[in-house]
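Just so you know, the sequences run in chain order Y and D.
Its first residue numbered -18, the first sequence is counted upward by one per residue in the working numbering.
Its first residue numbered 5, the second sequence is counted upward by one per residue in the working numbering.
There may be inaccurate statements among the hints.
What the hints assert, rightly or not - Simulated crosslink set (DSS-like; lysine-lysine; CA at most 25 Å straight-line):
no. : chain 1 : residue 1 : chain 2 : residue 2
1   : D       : Lys187    : Y       : Lys(-16)
2   : Y       : Lys298    : Y       : Lys0
3   : D       : Lys402    : Y       : Lys0
4   : D       : Lys7      : D       : Lys26
5   : D       : Lys244    : Y       : Lys191
6   : D       : Lys159    : D       : Lys187
7   : Y       : Lys299    : D       : Lys90
8   : Y       : Lys298    : D       : Lys402
9   : Y       : Lys250    : Y       : Lys194
10  : Y       : Lys298    : D       : Lys243
Stated by the list, open to error - Simulated coverage check for chain D against chain Y, where a stretch passes if three residues somewhere in it have a Cβ under 8 Å from a Cβ of chain Y:
no. : stretch
11  : 24 to 35
12  : 232 to 240
13  : 263 to 276
14  : 388 to 395
15  : 435 to 446
No lab work stands behind these hints, which were simulated from the structure alone.
Only a predicted model underlies this, so the values are computations on that prediction, with no experimental measurement involved.
C-beta atoms are modelled at their ideal positions from N, C-alpha and C, and glycine is treated no differently.
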Amino acid sequence: MDKLIVSPSPHLHTKTSTKSLMRDVVIALIPAVVVSVLFYGWSELLVLGVSVASCLLLEYLITKYLLKTSCTLGDWSAVITGVLLALNLPATTPWWVVFIGAVVAIGIAKMTFGGLGQNLFNPALVGRVFLLISFPTYMTDWAKPQGFITNSIVDAYSGATPLGIAKGLGPQGVEAMDYLNMLFLNIGGSAGELSAIALLLGFAYLLIRKVIKPYITLSIIGTVAVFSGIFYLANPAEYTDPLFNILSGGLLLGAIFMATDYVTSPMSKWGGVVFGVGIGVITMLIRYFGAYPEGVSFAILIMNSVVPLLNKWFHTKKYGR
Amino acid sequence: MMKTFSIGGIHPSDKKISKDCKIEVLPVPSKVFISVAQHLGAPATPVVKAGDQVKVGQVIAEPAGFISAYVHSSVSGTVKSVGPRKDIAGNNVVHIEIDVEGDEWVEGVDLSDTLVTEIPQDNKAILDKIKMCGVVGLGGATFPAHVKLCPPPGKKADCLILNGAECEPYLTSDYRIMLERSKEIVIGAAIMKQVLGGCPAVIGIEENKPEAIKAMKAALAELQAAAKGYEGISVMSLKKKYPQGGEKQLIDAVMKRQVKSMGLPIDVGAVVQNVATSLAVYEAVQKNKPLITNTLTVTGDCLPLEKQHNYLFRIGMPLSYIAEYAGGVPEEAAKIISGGPMMGKAIANLDATTVKGSSSLLYLTAEQTVRGVESACIRCGKCAEACPMGLEPFLLQKYARNSMMDELEENAIQDCIECGCCLYSCPANIPLLDIIRIAKGDVIKIIRGRAIKN
Ligand code: SF4
Ligand code: SF4
């Protein structure tokens, strides 16, 4: 009987692995990727391709030649960084700018900290913000879509003629249409801001697969809603309203896919809630009073740096204590 | 909302493949080896020597301390030897080897099937019988039963909880006795409840065993209608969640109370006994029968249905004998577990014998049990989410790897119940519990050392 394995309990293990979790995140990103490729066409495909390929290549080279550790491409995390970086960039971004973004994301934000699990900041966001500061012209050149199905649907949605639905909505019809537009297609943003529905589909998938818990995302959205709600009610002429703020400027992309990054978000539930509230508040401060029209990326990065503190302050509720 | 414990927990597939296999009585082999260390506490001292004639139910080893227990012969015959033999982990433990001759029982044991429903009034005599019959907790810890039933001065039991959760996957022995010996279990509960001063008794069963819930409820109703002493007992269905059967978790689920760190259940007025222990109490008190048998499940995905069994075994039967009798060890078995797959022990030595607390021979295939390669912690928090004690295993393993004893104690590593939820849940295959278990031992030593000094 010497062939028996003898090892300590537990003797069973969940089927969920780092790889399966990360792959689920990639799957959750598919709707957003599909929508952005459909509407931005070849140029978006190029950005995506360059971004993902560079992230994979860089991680491979760094693990092999610099860190001399085992290859980590199999965990899919570099793919996520690549897709997220691409979705944060305009489809018109030149390929070499995308590549620089990948170098910063993988080479600096991820691997110098020791790779997956060690980095303080979300790699894709660091890449994006670096590009935003270094190449502002490329980064604010929001494209008019040159996509595969531009004419039929985009015209239908962005045309001045109200659709059938709007008719039933009375005087607010046109305003309501704008939000319907944004919910499905928010033309003229970075790829990841394109479709709230696509992002929310991804969110639902992540929740169903138990990849993430909803509280970080919800506390960000809730905070943005409350914060902008107060300002909007006080002075509707000056400040944009809550729904606009939630549906625009990459807020959903950030709240669903980047603020929930395991590595760079707090471990505990209450830490996560505080983290989310912080992101919401900082985002709105930047949007209302800051120099940039949107602030999600900065807000997440700033709160990333507070995570070690949040982990120190907030712990799980212990049994019998 | 169905009751369950409030923190953490996991939902592994329950795999109760052998649940419909009736309990079969194993024939007595030609030789048994009875261990003197079958309970928590000091090993018992043998009181027989080679050449002695023994009968079934005769005391062959006596307790060696307050927390210790009597050991009885499970067979009749001649003592062949008293000496070291390897237990399931491969450690040497004193065993009493007996060559079986016939099946002659000591006097006074009631071997009939008659149900004795009337509960004796003398609590001291009851406790004495429980002790003399060597009854220990059969839910895993094998803590001497009479000790738990005598709360220390100043402490009072508010509730007796009977653990019928059987939350470990695969195991079905408790389930079977709840179906086949329901009344005896209820009588055992009534006896213990009386000894504890008449506190209410709750039989907690997970909802994935509706037949057991039904059977226990029916047995209870029948006894309540027929005899005295059965008031204040109830059956409670619990949500299916591992580790529901953990003592601390069960107290939380049933009583909404939590035992303080390093405290005992009785501190919050709880006494927890397994349903199998209740059956043993019944047999000891009502039938004078010492604890020499128990029920064991032979199961595993790699066993065809006809080779799945629930057996009534006599303590001291070698595991290899049971495995052979059940049709042999399956080819695909890479690991054999005694106990459940979450907290049970891997068997290093199939020639080891069964003990009072043996509950299974579980065959796992390599595919089921071999862990994946460890990778970096991705800080997903799944281990902390799963921990029923509310600990943060990712943090504990980090501190443990750096021998940061103060931090480990501050973060309550000593509260770990070794349930394995953290390791089970970790997507990065980090051997969390392996690391935590060792560090926990060290921290508890430090805490004890400090207590002695002060
Ligand atoms: S083994 Fe210990 S640390 Fe791990 S989940 Fe169970 S109680 Fe928590
Ligand atoms: S479950 Fe594993 S990977 Fe996740 S936080 Fe815990 S130790 Fe890290």
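Here's how the hints hold up against the structure:
1. D/Lys187 - Y/Lys(-16): violated, 43 Å
2. Y/Lys298 - Y/Lys0: violated, 29 Å
3. D/Lys402 - Y/Lys0: holds, 22 Å
4. D/Lys7 - D/Lys26: violated, 29 Å
5. D/Lys244 - Y/Lys191: holds, 19 Å
6. D/Lys159 - D/Lys187: Outside the cut-off at roughly 30 Å; violated.
7. Y/Lys299 - D/Lys90: This hinted pair is violated, its Cα atoms lying about 39 Å apart.
8. Y/Lys298 - D/Lys402: holds, 19 Å
9. Y/Lys250 - Y/Lys194: holds, 9 Å
10. Y/Lys298 - D/Lys243: holds, 21 Å
11. 24 to 35: violated (count 0)
12. 232 to 240: violated (count 0)
13. 263 to 276: holds (count 4)
14. 388 to 395: holds (count 6)
15. 435 to 446: As far as the stretch 435 to 446 of chain D goes, the hint holds, because 3 residues have Cβ atoms under 8 Å from chain Y.
This entry does not satisfy hints 1, 2, 4, 6, 7, 11, 12, going by the numbered hints stated previously.
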